[in-house]
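So the chains spell out like this:
There are 2 protein chains.
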Amino acid sequence: MISHLSEQVSTTYEKISNIIHHTPVLSSTALNRTTGSNVWLKCENFQKVGAFKFRGACNAVFTLSEANAAKGVATHSSGNHGQAIAKAAKIKGIPAYIVMPKNAPKVKIEAVRGYGANIIFCDSNQKAREETLARVVEETGAYFIHPYDNKEVILGQSTAAWELLQEYPELDLILTPVGGGGLLSGSILALEAFKASNPNSNCRVIGTEPEQANDAFRSIESGMLQSLTDEQIKNPTIADGLRTNLGELPFHIIKTSKTEIACVSEESIINAMRYVWERFNIIIEASCAVPIAALLEKKITPKYANIGVIITGGNVDLDALPWNRH
Amino acid sequence: MISHLSEQVSTTYEKISNIIHHTPVLSSTALNRTTGSNVWLKCENFQKVGAFKFRGACNAVFTLSEANAAKGVATHSSGNHGQAIAKAAKIKGIPAYIVMPKNAPKVKIEAVRGYGANIIFCDSNQKAREETLARVVEETGAYFIHPYDNKEVILGQSTAAWELLQEYPELDLILTPVGGGGLLSGSILALEAFKASNPNSNCRVIGTEPEQANDAFRSIESGMLQSLTDEQIKNPTIADGLRTNLGELPFHIIKTSKTEIACVSEESIINAMRYVWERFNIIIEASCAVPIAALLEKKITPKYANIGVIITGGNVDLDALPWNRH
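Residue numbers (our numbering), protein chains in the order written: chain L, 1 to 326; chain B, 1 to 326.
Just so you know, the hints here were simulated from the structure itself, not pulled from any lab data. Mixed in with the good hints, there may be bad ones.
No copy labels: a pair is met if it fits in one copy or bridges any two.
[As the list claims (entries may be wrong)] Computed list of lysine to aspartate or glutamate pairs in EDC-like fashion (alpha-carbon distance at most 20 Å, straight line): (1) K106 with E278; (2) K102 with E278; (3) K127 with E278; (4) K298 with E266.
In this text, all values refer to a predicted model and were calculated from it rather than measured experimentally.
Given only the sequences and the hints, what does the whole structure look like? Please build it.
Here is the structure:
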């Protein structure tokens with residue numbers, strides 16, 4: 001399964017490379033000195049819609065057959081995936097139907113609307129979302145694109161690590177956060193594809209997760225797909241992009257490739273987020289700070305010489321910064 | 001004078017290009033749609049020490065004769081120039097003496113110290129700074145590098161616009177903020193140098209300034225070098241990097257080249273700063289928001305098709321953001 005998918009990484013990249021941004025890579029002397037490694041941030045916060053999610057949405061939308069695309073695409077999302085599907089559909093010239101909880105932040109609703117998508121509001125719970133989505137698909141005939149449990153979405157996400165590896169073939173470690181697992185599993189595929197033509201690379205991928213949303217860690221440990229606990233749902237991690245259960249296809253790829261997961265505390269996430277804001281002058285979501293926290297807290301051993309980190313997105317509410325809440 | 005200096009832009013760039021960062025250029029569909037132009041941000045907030053000032057400091061330090069460099073370099077600064085000189089001197093392997101007001105932000109003091117510079121504290125007024133600097137130069141024999149009224153500093157600053165023009169030769173406008181005038185006059189030199197080999201370019205440079213620190217605007221209008229007014233010193237602009245009087249050499253270059261200055265309100269600066277944070281996911285100082293404010297407020301007419309903006313720096317106190325002060 002993995003090799004079958006990884007063989008499609010480079011053609012996926014060729015397909016979407018004219019639509020996505022080739023995002024810049026930043027480094028900082030301070031972080032390199034602190035970690036004792038060369039650390040490269042792949043800045044997907046500069047991707048279209050401000051997040052790597054555009055890569056997966058774009059590939060999924062542009063891979064649809066004409067028949068499947070004819071009636072548009074649909075998804076449910078309160079976050080970046082909804083914006084990404086809306087924007088990709090707009091570029092493709094097909095309708096998009098985005099199911100959003102009615103208490104979603106106004107700025108996110110406006111962003112989705114700004115891409116010309118149809119918004120269908122629902123109550124703010126998983127059941128209402130899924131039922132509303134099913135009804136929308138039934139009524140419109142639109143094609144449902146899952147945010148991460150979707151082969152084409154995962155292949156789209158793989159192109160971030162793929163771009164990074166083309167530019168920095170000397171990497172010996174790639175770190176990503178894990179929410180639904182689309183980015184982590186995509187990065188595993190990208191590395192597999194890279195090694196096919198670079199057999200001397202000893203690079204590996206490690207996933208990073210908040211302790212307060214460690215379902216991927218527990219899934220790997222137990223060998224069975226786990227969900228967030230009731231306590232984790234009640235006291236959610238500040239890394240709001242990672243408050244998602246790991247998907248089945250991502251879990252399969254992560255498990256088969258024997259990929260490890262490192263977990264970090266809430267406090268270390270806030271510290272790492274502020275560290276990146278101050279040292280790199282870039283705005284990153286709390287989710288992106290998780291791999292940086294793992295580095296700063298020395299949760300990744302042994303030491304790697306050249307580390308790439310996928311910075312996933314930058315959609316932040318500037319009126320509610322975590323260091324201003326206390 | 002201008003053509004004599006502009007002939008040195010490309011050799012300056014060759015001299016320092018291995019020491020400075022070649023900074024990325026970002027754009028956003030939202031800003032392009034709002035302005036009706038293609039706008040490219042040259043991100044000097046990702047430059048070493050987090051500001052374009054490193055370019056000028058670097059060129060000034062690396063242009064010194066061995067005799068002049070032997071005893072080190074000195075300057076007075078509470079901001080980015082001090083860090084830039086400290087870092088450039090460290091790379092060159094010579095001592096740096098930075099005169100700083102004793103109430104300078106701790107984080108800036110630590111940054112300068114982190115580059116291994118000697119810090120000499122003084123009272124927080126212009127007279128104390130200048131007297132302390134004179135004493136330090138007298139005692140150490142260090143070479144004084146002025147933050148903007150210095151030919152080599154201006155040539156170093158010219159390399160930001162020079163890099164941008166190499167990458168985007170289709171630009172028809174370059175915007176910079178104006179404080180002491182080093183960046184604006186450097187950008188004028190870079191454009192002059194670019195036109196020498198691109199005679200069909202119809203690009204021009206316009207400076208932008210807070211109304212609350214409009215000494216450059218008044219200097220151009222009157223033909224005589226003007227200072228900040230007492231009222232402007234008492235109620236300083238939020239763009240703290242621009243609370244500086246225009247220097248003599250920058251004024252000469254700006255005046256001779258008939259460069260225009262557009263002025264913007266304090267409110268528009270804060271709005272533009274937040275706009276860039278939200279739309280570009282980058283951290284910029286208030287000073288960098290001044291040219292963006294001029295675009296958003298339609299202070300620049302007629303409309304230009306392709307606009308480059310030099311984003312000067314990203315050193316911001318995250319605990320005192322302007323939209324959290326009210």
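Comparing the hints with the structure gives:
| no. | hint | result |
| --- | --- | --- |
| 1 | K106 with E278 | between (28 Å within a copy, 14 Å between copies) |
| 2 | K102 with E278 | neither (34 Å within a copy, 23 Å between copies) |
| 3 | K127 with E278 | neither (40 Å within a copy, 32 Å between copies) |
| 4 | K298 with E266 | within (15 Å within a copy, 44 Å between copies) |
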